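**Student:** The residues making up each chain are set out below.
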Amino acid sequence: METKKKFVVSHAPHWHNGNRVSRKSYNMMLAALPAVAIGIHQYGALALGVVCIAMASAMAWELILDLLMKRPSSIGDGTAALTGLILAMLMPPTLPWWAVITTTFVAILIGKMIFGGLGGNPFNPVLVGYAVANLSWKGLFDFDAALAGGYTFGFDMAYPLTAVKTAVANGAGAEAAANFSASALLMGQQTGGIGAIFGLGLIIGGLYLIIRGYIRWEICLSFVAGIFVTAYLFKAFGPEGAYADPSFHLLTGFTLIGAFFLMGEDSSTPVNLIPMLIFGAGAGVLTMLMRNIGAYADGVVYAILLMNILNPLLDMIRPGALGKVVENA
Amino acid sequence: MKRRSFFGLVKPRLSYSAPPDLSSLPLEEVPASRTATFFVPGALESKELLTLKVGDIVKAGQRLAPFAASDDYAVSTLAGKVTAMEPYTDANANNFTAIMVEADAQKEWVDALDENPDLATVAANFQNGPGALCLKPVLDPEVNINTILILGMDQDLLVTAVQHVVKSRTKELAKGVKALKRITKVSKVILAAPSYLVDAVKNCDCEVKEVDTVYPNATPKLVMHKLLGITVPAGKDLIDMGVLCVSAEAVAALGESCTTGKACTDKILTLINKDEEAVNVKVRIGTPIKDVLALKSIMVNSGDRLILGGPMTGVATYSVDLPVQPDTDAIMVQDADNLSEIEDAACINCGECVQVCPAKIPVNVLVRFLENKLYVEGAERFDLLSCVDCGLCSYVCPARIPIYQYIGLAKHELSRMAPEAE
Ligand code: SF4
Ligand code: SF4
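First to last, the sequence lines map onto chains R and E. Count the first sequence with my numbering and you get residues 1 to 329, in order. Count the second sequence with my numbering and you get residues 1001 to 1422, in order.
Just so you know, not all the hints are guaranteed correct.
Below are the BS3-like pairs computed for lysine-lysine, each with C-alpha atoms no more than 25 angstroms apart in a straight line [stated by the list, open to error]: (1) R:324 <-> E:1053; (2) R:5 <-> E:1290; (3) E:1296 <-> R:4; (4) E:1002 <-> E:1053; (5) E:1107 <-> R:4.
Take a look, some chain E residues computed to stay more than 10 angstroms from chain R by CB distance [to be verified]: (6) 1010; (7) 1053; (8) 1095; (9) 1319; (10) 1386; (11) 1405.
Computed beta-carbon distance windows for the label pairs [as the list claims (entries may be wrong)]: (12) R:273 <-> E:1068: 47 to 53 angstroms; (13) E:1337 <-> R:98: 27 to 33 angstroms; (14) R:30 <-> E:1202: 51 to 57 angstroms.
Just so you know, these hints were derived from the structure itself, not from any lab. Owing to the predicted nature of the structure, the values given are computational and were not obtained by experimental measurement. Ideal Cβ positions, reconstructed from N, Cα and C, are used throughout, including at glycine.
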């Protein structure tokens, strides 16, 4: 008798479409490149340093924490590098190295690892890291203060959202916002996070991710719509001239990076259609409430974190499955 | 293997293959093998009580019913001597008795059947014919079958065996439909076929419905839902709804037998090689797989995958000695280098499975429960039993979780638990 050949016996399906977790990570990094490149171009070596330190430290924390927690190494999925990159995009270029690596540590440990790793995290790790660091070192994250010393640009160097926030209190938000033209904001002529200033680059990156199906357009676009509509309502029904244009809010702060890169995190966002729309729109509305009447100049980070809390609840709104047996029927 | 498209926004549309042009491609026939093996449901326990023994001479077309107490049987597709009887367990842990018959020179057939066989005769002689016609539910006094659904469509990608039958055996199919109506006394017969085959079945005396050719729309439960407007409740099957689902190949075989008076011994199956080239061949039921592969000189080596069925739902198996069974519509071989790997990663909640699931199951949540063996919760709260077994969720999962395997396991565990609960 011939020697028995051993075949691979595994369960169907025997095909796979070839997608893997790391693909999304790498594509998101690719999509972020234009925005990051302009940020580095504008802020110079300091910004490059922050990006490198953030990515390297995030990956290092991932490796170390995997080892300490005796988990299989997850560095290969690319999400640690992505977390580092997005965090850097939110940071001012002047952030000291120790603040950068602490932020990534918080993001990786508290944002992700203590929940059992990627997929278990109820919050977006980037936002957890950013929120904790921002609360701890408010001054370091204040763009006006951070950039005051070392930079001079050929455009208005006030952080747009802070400038408008101050003006809104005096009922002159629209006027303050008028100093920032939409085209200047689109082309990156504003101050802000390293990767958050180049609106056009973020839009191109975001559309790329949507078309390739790596982020859920329902969430992204409903977030943008939520911001636009709320800002419009404020402008239309608020006191004359008190509030800035919707377009101003779309192109400043973390709106665009939020729409495409923060909303693009899978684990903390819903997957069903209606929940996705509520999630995105809800975050948009909350952002605008914080910007126009709340305590924060920007509100994107906290708005999304708040919606993250609601996510498990929201995602229970789902279509009935085929042949679902209705109880008590 | 169909890859994720560059434009991932568009959800995958996997389409069933259409059968080949019959005029240009004559149906190749696998040469008759010296042996054939048949599986009869039931565990082989004590050889003393069997009504069939090693060494017995059987005729072609003869019922092989080794268990006196059971009405399960197989039909021998050749005349010869029983050379072995062994226990066999399939991938779903069902027990069978494998009966091996070695051909002799006589080639003797059992007496011809009546030209108009009655229900009992058909039920007692065709169960293991091509397409595995099972009329047990019609005989069961507790089941009321009011509709017969004939599937003139294949169940998996690349496979065109059933469509080939519909296209090439139109006369037999029409005759079979008539016979089926007469013997079962069920007047409502519906034939589901893809649009390009509707013409081929116009002579069948039954209602014809067009199946969509995007996978998995030919799955019985989806055909029921979309074409018949009957939604099978989760956890129930077609029989519970009074619908008997049969393959067009089985109906054609019945039609042929009514003419010839002999049981049909050959079936058509799709042979898919390592380059995913598919060809239909005619083969005698019971033929060892290795003889089928030899026809196209397909080599299977260690580390390759041998699949009974198609790429999405086929069952990987471990031996080329296994026989072609009445419902084996395809044999597929994958090269060791082309196997998609599975990983035991955690769900990242990307939602791809949810969007692709035809049964609208919250797969992302379900899989977390199934991974932790919470099968009852999975069924009660997350629609496990709505699953139509298409495998698309596993196909798209970027974390490469064997979701469909978890689902299969969960259903199996639940079905084992169910009788105990009663
Ligand atoms: S196999 Fe997966 S995708 Fe297909 S019906 Fe079942 S759960 Fe849905
Ligand atoms: S496709 Fe896989 S990773 Fe994505 S939600 Fe479904 S089970 Fe989770």
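**Student:** Each hint should be assessed against the structure and marked as holding or not.
**Tutor:** These are the hints, each one checked on the structure:
1. Note on residue 324 of chain R and residue 1053 of chain E: the hinted pairing is violated, with a Cα-Cα distance of about 49 angstroms set against a maximum of 25 angstroms.
2. Taking the CA atoms of residue 5 of chain R and residue 1290 of chain E, the gap is near 12 angstroms; set against the 25 angstroms cutoff, the hint holds.
3. With a C-alpha separation of about 21 angstroms, the suggested pairing of residue 1296 of chain E with residue 4 of chain R holds against the 25 angstroms cut-off.
4. Pair hint residue 1002 of chain E plus residue 1053 of chain E does not hold up; C-alpha atoms about 48 angstroms apart against a cutoff of 25 angstroms.
5. Proposed proximity of residue 1107 of chain E and residue 4 of chain R is contradicted: the alpha carbons are some 32 angstroms apart, above 25 angstroms.
6. Not every CB of chain R lies more than 10 angstroms from the CB of residue 1010 of chain E, the least distance being 8 angstroms, so the non-interface label is violated.
7. Remark: the non-interface label on residue 1053 of chain E is consistent with the geometry, its nearest Cβ contact in chain R lying 25 angstroms away (cut-off 10 angstroms).
8. The beta carbon of residue 1095 of chain E sits about 19 angstroms from the closest Cβ of chain R, which is more than 10 angstroms, so the claim that it is off the interface holds.
9. Annotated as non-interface, residue 1319 of chain E brings its C-beta within 10 angstroms of a C-beta of chain R; the closest such distance is 8 angstroms.
10. At roughly 4 angstroms from the closest C-beta of chain R, the C-beta of residue 1386 of chain E falls inside 10 angstroms, breaking its exclusion from the interface.
11. Not every beta carbon of chain R lies more than 10 angstroms from that of residue 1405 of chain E, the smallest distance being close to 4 angstroms; the non-interface claim is violated.
12. The hint said 47 to 53 angstroms for the Cβ distance between residue 273 of chain R and residue 1068 of chain E, and at roughly 58 angstroms that hint is violated.
13. Evaluation of the 27 to 33 angstroms hint for residue 1337 of chain E and residue 98 of chain R yields a failure: the beta carbon distance comes to about 48 angstroms.
14. Take residue 30 of chain R and residue 1202 of chain E: their Cβ atoms lie about 54 angstroms apart, and the range 51 to 57 angstroms holds.
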